[in-house]
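Undergrad: Sequence:
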Amino acid sequence: MNRAPRKYANYIPIRELEGVEQQLSPFQVYAELRENTPVRYDEHRECWDIFRYEDVQYVLKNPKLFSSARDRANTSMLTTDPPKHKQLRDLVNQAFTPKAIEALAPRIQEIADELLTPRLSQGQMNLVDDLATPLPVIVIAELLGVPAKDRQKFKIWSDALVKGARDDSDEAFQELMEEKKRNQQELAIYFTAIMEERRQESQDDLISLLLAAEIEGKKLSEEELVGFCILLLAAGNETTTNLITNAVRILAEQPELQQRLREHPEHVASAVEETLRYYPPIVAIGRVAKETVELNGQTIQEGTQVISWVGSANRDSEVFGDAEQFIEDRKPNRHMGFGFGIHFCLGAPLARLEARVVLHTMLQQMQDIKLVPGTTLQPIQSAFVFGVKEYPILFEHVKQS
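According to numbering that gives the first Met the number 0, the sequence shown is numbered sequentially starting from 0.
Please keep in mind that the hints were generated in silico from the structure rather than gathered at the bench. Quick caveat: nothing in here was measured; it's all calculated off a predicted structure. Treat each hint with caution, since some may be false.
Below 20 Å or equal to it, Euclidean Cα-Cα: the simulated SDA-like pairs (lysine to any residue) are [said to hold, decoys possible]:
#  : residue 1 : residue 2
1  : K179      : V384
2  : K388      : L175
3  : K179      : D169
4  : K218      : D204
5  : K289      : D41
6  : K154      : Q377
7  : K63       : E53
8  : K369      : E252
9  : K179      : D158
10 : K388      : A159
11 : K154      : N125
12 : K330      : G320
13 : K60       : C344
14 : K85       : G216
Make the full structure from the sequences, and use the hints.
TA: Here it is, written out as C-alpha cells:
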C-alpha cells in the first residue's frame with residue numbers, strides 16, 4: 000500500500016463501473032459502495048475511493064491534507080494549492096465576475112436561437128452535436144477572443160483534454176498521456192500567438208483582461224495565462240455540454256417534468272441545480288494525500304491518490320431526502336456538482352446561465368421531448384465525466400404566437 004500511486008487512477012473506472020449499463024447509470028453501484036465500503040483501497044488502481052458525502056466534503060475542503068498538485072510543470076488553478084491557488088484565482092476573478100457573466104445572457108440567448116431555429120421545423124435534432132457542444136464552444140471562444148473559424152479545432156482539443164484511456168493497460172495510458180501532451184502543446188502555441196496579438200492591440204475579451212489584471216503589482220505569467228485558457232476550454236466546454244445534455248436526458252426520461260417546468264418556469268434555475276446533483280457532469284475528483292490521514296476508520300498513507308466520488312455523495316440519503324428522486328425545486332440543495340472548497344468551479348455561473356437559457360428556450364419551443372426510439376446510448380469514455388456521446392431527440396415544435 001506504500002507503493003507510488005498508479006498515475007492513471009483518474010483515467011480508468013472503478014471495476015464495478017466497467018460495463019456500459021453501469022456507466023450510463025452508475026448510481027445503484029454508488030449506493031452499494033457507499034453502504035458497504037464508504038472508504039476503500041483499490042489494489043488494482045492503487046488509490047483510495049471515497050463515496051459518502053461527509054467524507055468527500057472533508058477531502059475537498061482540506062487542501063492542507065489532500066493536495067490538488069500533480070506536477071511542478073502544471074500551473075493551472077486545478078492543480079495548485081494555497082497560497083499559489085489563491086493568487087491565481089484572485090487574479091482571474093477580476094475578469095470573471097458573476098456580473099460580467101450575467102451580462103452575457105442576451106448573447107447566449109442569440110446563440111441558442113441561432114442553433115435551435117433551423118432544427119425546430121424538422122421535429123428532431125442531435126442534441127449533443129447541434130446544440131450542447133457548439134453553444135459553450137462559441138461562448139468560450141467569444142469570451143476568450145478566439146476567431147469563429149477555429150471553433151472546430153477547439154472542440155477537438157476540448158475532447159482530447161478530458162478523454163479517458165481505452166483500457167487500463169500501461170500502453171493505453173501512455174498513448175493517452177502522449178495525446179494529451181500533444182494537444183496541450185498545440186493549445187499553448189495557439190494561445191501564446193493570440194496573447195502576442197493582444198499585447199500589440201488590446202481588445203474587449205478575456206485574454207486582454209487577463210493580460211492587464213494585477214494583484215499587489217503582480218500579473219499572471221505567460222505560462223499561467225496559457226494554463227488558465229486551457230482550463231477554461233476543457234472544464235468550461237465539456238462540463239457545460241454534459242450539463243445541458245444530462246438535463247435534457249432527465250426531461251426525456253421523465254416527461255411529466257417537462258410540463259411541470261413549462262407551468263413553473265421559475266423552477267428552471269433550481270432544476271439546473273438538481274441536474275447537477277442527480278446527473279452531475281463530473282462524478283469524481285482526484286487528490287493526493289499530503290500526509291498520513293485517518294478517514295472513516297481507514298488509514299490513508301501519505302502520497303496515495305484519493306478519488307472523491309461526488310456522483311455518489313450527491314445521492315447520499317444522509318444529506319438529501321428522497322435522494323434517488325429528481326425534485327426540480329429541491330431546497331436546500333447542497334450538491335457538489337461543481338466541486339467544493341477552494342477549487343469550486345470558477346465557471347459555475349457561466350455553466351448555470353447557459354443551461355438555464357437552453358432549458359427555458361427548449362421548453363418554450365418544444366413539447367413531448369423524447370429520445371429517438373431504438374437509440375443505443377454510449378457513455379463518454381472517462382472515469383470522472385458523466386455524459387453520453389450522442390443524444391438524438393424527437394419533439395413537437397410549439398410555434399410562438
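Undergrad: Now tell me, hint by hint, if it's right for this structure.
TA: Right, here's what the structure says about each hint:
no., hint, verdict
1, K179 to V384, "holds (16 Å)"
2, K388 to L175, "holds (19 Å)"
3, K179 to D169, "holds (15 Å)"
4, K218 to D204, "holds (17 Å)"
5, K289 to D41, "holds (19 Å)"
6, K154 to Q377, "holds (19 Å)"
7, K63 to E53, "holds (17 Å)"
8, K369 to E252, "holds (7 Å)"
9, K179 to D158, "holds (10 Å)"
10, K388 to A159, "holds (14 Å)"
11, K154 to N125, "holds (16 Å)"
12, K330 to G320, "holds (10 Å)"
13, K60 to C344, "holds (13 Å)"
14, K85 to G216, "holds (15 Å)"
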